[in-house]
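Residue numbers (our numbering), protein chains in the order written: chain A, 1 to 112; chain B, 1 to 114.
Please note that a few of the clues may not be correct.
Some, not all, of what chain A presents toward chain B, calculated at C-beta under 8 Å [said to hold, decoys possible]:
| no. | residue |
| --- | --- |
| 1 | N24 |
| 2 | N27 |
| 3 | Y28 |
| 4 | Q34 |
| 5 | D39 |
| 6 | P40 |
| 7 | A79 |
| 8 | A83 |
| 9 | A86 |
| 10 | S96 |
| 11 | L100 |
| 12 | W102 |
| 13 | A104 |
| 14 | G105 |
Don't read these hints as lab results, they were simulated from the structure.
Remember, it's a predicted structure, so these values are computed and weren't measured experimentally.
The beta-carbon is built from N, C-alpha and C at its ideal position, and this holds for glycine as well.
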Amino acid sequence: SQKIEQNSEALNIQEGKTATLTCNYTNYSPAYLQWYRQDPGRGPVFLLLIRENEKEKRKERLKVTFDTTLKQSLFHITASQPADSATYLCALAGDSNYQLIWGAGTKLIIKP
Amino acid sequence: GAGVSQSPSNKVTEKGKDVELRCDPISGHTALYWYRQSLGQGLEFLIYFQGNSAPDKSGLPSDRFSAERTGGSVSTLTIQRTQQEDSAVYLCASSLGRGGYEQYFGPGTRLTVT
């Protein structure tokens, strides 16, 4: 069955450094991969979408890569700030699917 | 413009009672999703609606759960004879369409069954 894995342990990063989160998947060939941010007590908020034919996508301090051979996406936050502390979720979808397949999320903690 | 809204924000109910949770999606979004999230856990898909098509109910955990979407807009999730294991945050999201479109989430309804 389709499976997505994100680091279950919290990731602690010093302020100013680059945070890198990993999303691995198996038994699936997604057309799209999305990243969301979720703060405590709130619904997820969309950050970036990358297509299967794209290697990299950037938005301000955020960068996402998508390697369909490794079946992996990396999510980078450069010049990290304490305000970036949150749980980050990855989600996959096929071209004709309405459903997203969600990872469990990785909690990111940026220390001042 | 207005985002996705959900009501109530919090609901405390006694075991065995029925509850209704409401979702107002973003105007013009044809897809609407319901998820459940227990404390510290990921999103559990429950059901989604797309336009006038029959809903995908494959994620509903039991026949105590049902949902409807009236006029292609507002949706109601109903849980009958609530159990303590139903306690969770119920999130609604809407989208313009298929997987290439992002989902916009509401703030959620926190359900506590005592």
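Enumerated hints in conflict with the structure, sorted upward: Violated: hints 1, 2, 3, 5, 6, 7, 8 and 9.
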